[in-house]
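Spelled out, the chains give:
2 protein chains.
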Amino acid sequence: MIVDIHGHYTTAPQALWDWRKKQSSGGRPLPLKISDDQIRESLEGAQLKLQRSRGTDVTFFSPRASTMEHHVGTPEISLEWTRLSNDLIHRCCSLYPRNFVPVCQLPQSPGVEPKHCISELERCVSEMGFVGLNLNPDPSGGHWRDPPLTDRWWYPVYEKMVELDVPAMVHVSSSCNPNFHATGAHYINADTTAFMQFLTSDLFKDFPTLRFVIPHGGGGVPYHWGRYRGLAQDMKRPPLKELLLKNVFFDTCVYHQPGIDLMLKVIPAENILFASEMVGAVRGIDPETGQYYDDTKRYVEAAAISAADRQKIFEGNARRVYPRWTPH
Amino acid sequence: MIVDIHGHYTTAPQALWDWRKKQSSGGRPLPLKISDDQIRESLEGAQLKLQRSRGTDVTFFSPRASTMEHHVGTPEISLEWTRLSNDLIHRCCSLYPRNFVPVCQLPQSPGVEPKHCISELERCVSEMGFVGLNLNPDPSGGHWRDPPLTDRWWYPVYEKMVELDVPAMVHVSSSCNPNFHATGAHYINADTTAFMQFLTSDLFKDFPTLRFVIPHGGGGVPYHWGRYRGLAQDMKRPPLKELLLKNVFFDTCVYHQPGIDLMLKVIPAENILFASEMVGAVRGIDPETGQYYDDTKRYVEAAAISAADRQKIFEGNARRVYPRWTPH
Numbered sequence: 016m017i018v019d020i021h022g023h024y025t026t027a028p029q030a031l032w033d034w035r036k037k038q039s040s041g042g043r044p045l046p047l048k049i050s051d052d053q054i055r056e057s058l059e060g061a062q063l064k065l066q067r068s069r070g071t072d073v074t075f076f077s078p079r080a081s082t083m084e085h086h087v088g089t090p091e092i093s094l095e096w097t098r099l100s101n102d103l104i105h106r107c108c109s110l111y112p113r114n115f116v117p118v119c120q121l122p123q124s125p126g127v128e129p130k131h132c133i134s135e136l137e138r139c140v141s142e143m144g145f146v147g148l149n150l151n152p153d154p155s156g157g158h159w160r161d162p163p164l165t166d167r168w169w170y171p172v173y174e175k176m177v178e179l180d181v182p183a184m185v186h187v188s189s190s191c192n193p194n195f196h197a198t199g200a201h202y203i204n205a206d207t208t209a210f211m212q213f214l215t216s217d218l219f220k221d222f223p224t225l226r227f228v229i230p231h232g233g234g235g236v237p238y239h240w241g242r243y244r245g246l247a248q249d250m251k252r253p254p255l256k257e258l259l260l261k262n263v264f265f266d267t268c269v270y271h272q273p274g275i276d277l278m279l280k281v282i283p284a285e286n287i288l289f290a291s292e293m294v295g296a297v298r299g300i301d302p303e304t305g306q307y308y309d310d311t312k313r314y315v316e317a318a319a320i321s322a323a324d325r326q327k328i329f330e331g332n333a334r335r336v337y338p339r340w341t342p343h
Numbered sequence: 016m017i018v019d020i021h022g023h024y025t026t027a028p029q030a031l032w033d034w035r036k037k038q039s040s041g042g043r044p045l046p047l048k049i050s051d052d053q054i055r056e057s058l059e060g061a062q063l064k065l066q067r068s069r070g071t072d073v074t075f076f077s078p079r080a081s082t083m084e085h086h087v088g089t090p091e092i093s094l095e096w097t098r099l100s101n102d103l104i105h106r107c108c109s110l111y112p113r114n115f116v117p118v119c120q121l122p123q124s125p126g127v128e129p130k131h132c133i134s135e136l137e138r139c140v141s142e143m144g145f146v147g148l149n150l151n152p153d154p155s156g157g158h159w160r161d162p163p164l165t166d167r168w169w170y171p172v173y174e175k176m177v178e179l180d181v182p183a184m185v186h187v188s189s190s191c192n193p194n195f196h197a198t199g200a201h202y203i204n205a206d207t208t209a210f211m212q213f214l215t216s217d218l219f220k221d222f223p224t225l226r227f228v229i230p231h232g233g234g235g236v237p238y239h240w241g242r243y244r245g246l247a248q249d250m251k252r253p254p255l256k257e258l259l260l261k262n263v264f265f266d267t268c269v270y271h272q273p274g275i276d277l278m279l280k281v282i283p284a285e286n287i288l289f290a291s292e293m294v295g296a297v298r299g300i301d302p303e304t305g306q307y308y309d310d311t312k313r314y315v316e317a318a319a320i321s322a323a324d325r326q327k328i329f330e331g332n333a334r335r336v337y338p339r340w341t342p343h
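Heads up: the protein sequence lines correspond to chains A and B, in order. For the first sequence, the working numbering assigns the number 16 to the initial residue and increments by one for each residue that follows. For the second sequence, the working numbering assigns the number 16 to the initial residue and increments by one for each residue that follows.
Hints were generated in silico from the structure; no laboratory data involved. Honestly, I wouldn't trust all of these hints.
One copy or two, either will do: identical chains are not told apart, so a pair holds if it fits within one copy or between any two.
Below 30 Å or equal to it, Euclidean Cα-Cα: the simulated BS3-like pairs (lysine-lysine) are [to be verified]:
1) K48 <-> K280
2) K36 <-> K220
3) K251 <-> K64
4) K312 <-> K48
5) K48 <-> K261
6) K261 <-> K130
7) K256 <-> K280
8) K251 <-> K36
9) K280 <-> K312
10) K251 <-> K312
11) K280 <-> K36
12) K261 <-> K312
13) K256 <-> K220
14) K37 <-> K175
15) K37 <-> K256
16) K64 <-> K261
17) K64 <-> K36
Starting from the given sequences, assemble the full structure and let the hints guide the process.
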């Protein structure tokens, strides 16, 4: 079985984006009307088609990351949009329970304590069967004004995550800072930033079973694995494996063979989860290979690893990191 | 000949840091007194010893990056500190003209137009023989409040760089944003950010001979080379090689063999310049190899590349990118 733990509903019907546009500009949109057929149509020609053609079985599916936009509007706006977005994910997964498994966004808002997100997390997981969440380390959208992920500011969410036994993917939304291109800089920077926050903290002493997935191949981390091992060593921290690899995992959203090869060489197979982010940041076909850039299954299949490690990456680790997921 | 294009004076005598401490806290420090012997002592046991033991010949030498601290104090404070720092670099390089070649910092200050840095750049290059500069893309120290490097805000500096024929290394200083660890996150993020700014702009149409070195192996860029090729393609930009590889170069400050191997695989040899950043961010010995993490010469020597490419990386590209440098 091949489990893609990182997919967003980037292809939702236009009615959703129209609703959001009206809501975020201060208007009072009419109740959102999207039929089951419209949902089917939005998925059949995109994620489902790609699952079939690439031979993956199931996608952990969450709202579009760039439109979480926690920095837009009030906390109430964020909550309303989040609930709507999560409900729509739940509908997708209910229509295709074998193909999609729900992961939620949270109603974060810059400067607002994350504990206010707990009831929505609880609703999604306990009432609707969500198996994980996306946690935005920078709700300010590229201004990085809230405390680091290792601050007690975030602890109420972690307590709930531990209680519910769900992992968080560390995932920013779009950037309203003109310095940061969203998918080309802000996403990758956030991944690198979160890892270094974890490295310099004792968060996992406080929460030994807390689990984070750092997407996009861990940002810049595996490429600089020697740097991180060395920084930890200079700071008299324990070796990285002991310090955080029981709690921190990386996905395989790295869009070329040499990148995946590097990751598989330096990061233990136990810490890597297969993902493609399709349909996501990069949609084209690589002229060097004739295949989609984001068809990451090909890279993992072509890598020089054992069948046992490949099984962990494609399925085993997902079962361990997302224990609330059980295949249909 | 082996040219290390990225070294900082991290080992300057304590008197310098005492002076700066007094100055940056609003005091009026006495004139800085550091003897030639003190300078010799600060270098002999550190950078010079490592040059000899590792077999490198010359280091392009600039003030310590983390203490540029453009975010501290007024523009006048920044200017005074910058001139003092650059003068000290000039003394190091004059004492050891075969071992060190001077690269300057600029008197940047958040919110202040970069054109105010031109006279110090001119002084360093035209009067003191500096061959390059460090340009801080975020003088606010982790808050990213100034415009992107591709904004006209920066153009006067670029005009002067082109006129003087000197390249800039894109190098941030320390971070006063608690989200960003300096050497573990802010540095790497800035590298990635700058690359993506270049990718989305027409800066090099306006300045066809402008040259930037992105340090620390290009941040997260080579690891995500497929992502960047794909993003450019989706945006209908020209291929990266054509779009920016005549103007953008990467150094080899990546502290493990798999990282260097990846870089050498995906980035053309013409765009890679040897560097170690010693004595810098990571000072320990890697227990996996028994060698210093930052002894990057070993990685380049062990990589499966041609002798011709190795010569470009060790020396040839430095001559081309830093044409004002001529070996003693």
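Cross-check of the supplied hints:
In this assembly of identical chains, the alpha carbons of K48 and K280 never lie at most 30 Å apart, being 48 Å within a copy and 50 Å across copies at closest. In this assembly of identical chains, K36 and K220 lie within 30 Å of each other by CA distance neither inside one copy nor across copies; the values are 43 Å within and 36 Å between. Taking the closest pair of Cα atoms, K251 and K64 come within 30 Å of each other only across two copies (25 Å); inside a single copy the shortest separation is 49 Å, beyond that limit. With identical chains, the CA atoms of K312 and K48 are never at most 30 Å apart, being 35 Å at best within one copy and 62 Å at best between copies.
In this assembly of identical chains, the alpha carbons of K48 and K261 never lie at most 30 Å apart, being 43 Å within a copy and 51 Å across copies at closest. For the identical chains of this complex, K261 and K130 are intra-copy neighbours only, at 25 Å inside a copy versus 49 Å across copies, given an alpha-carbon limit of 30 Å. Taking CA atoms no more than 30 Å apart as the test, K256 paired with K280 passes in both settings, with 14 Å inside one copy and 27 Å between copies. For the homomeric pair K251 and K36, the shortest alpha-carbon distance between copies (26 Å) is at most 30 Å, but the shortest distance inside one copy (50 Å) is not.
Taking identical chains as interchangeable, the C-alpha atoms of K280 and K312 lie at most 30 Å apart whether they share a chain (17 Å) or sit on different chains (21 Å). Only between protomers do K251 and K312 lie at most 30 Å apart by alpha-carbon distance; the minimum there is 26 Å, versus 38 Å within a single protomer. When the C-alpha separation of K280 and K36 is checked against a cutoff of 30 Å, the pair qualifies neither within a copy, at 44 Å, nor between copies, at 44 Å. Taking the shortest alpha-carbon separations for K261 and K312, only the intra-copy value of 24 Å comes in at or below 30 Å, while the best inter-copy value is 33 Å.
In this assembly of identical chains, the alpha carbons of K256 and K220 lie at most 30 Å apart only when taken from the same copy (14 Å versus 46 Å across copies). Neither within a single protomer nor between protomers do K37 and K175 lie at most 30 Å apart by alpha-carbon distance, with minima of 33 Å and 47 Å respectively. Within a single copy, K37 and K256 get their C-alpha atoms no closer than 47 Å, and across copies no closer than 41 Å, so neither meets the 30 Å cut-off. Proximity of K64 and K261 under a CA criterion of 30 Å is satisfied in neither setting, with 35 Å inside one chain copy and 40 Å between copies.
Taking identical chains as interchangeable, the C-alpha atoms of K64 and K36 lie at most 30 Å apart only when both belong to the same chain, with a minimum of 28 Å there against 62 Å between chains.
Against the hints set out earlier in the document, violations occur for numbers 1, 2, 4, 5, 11, 14, 15, 16.
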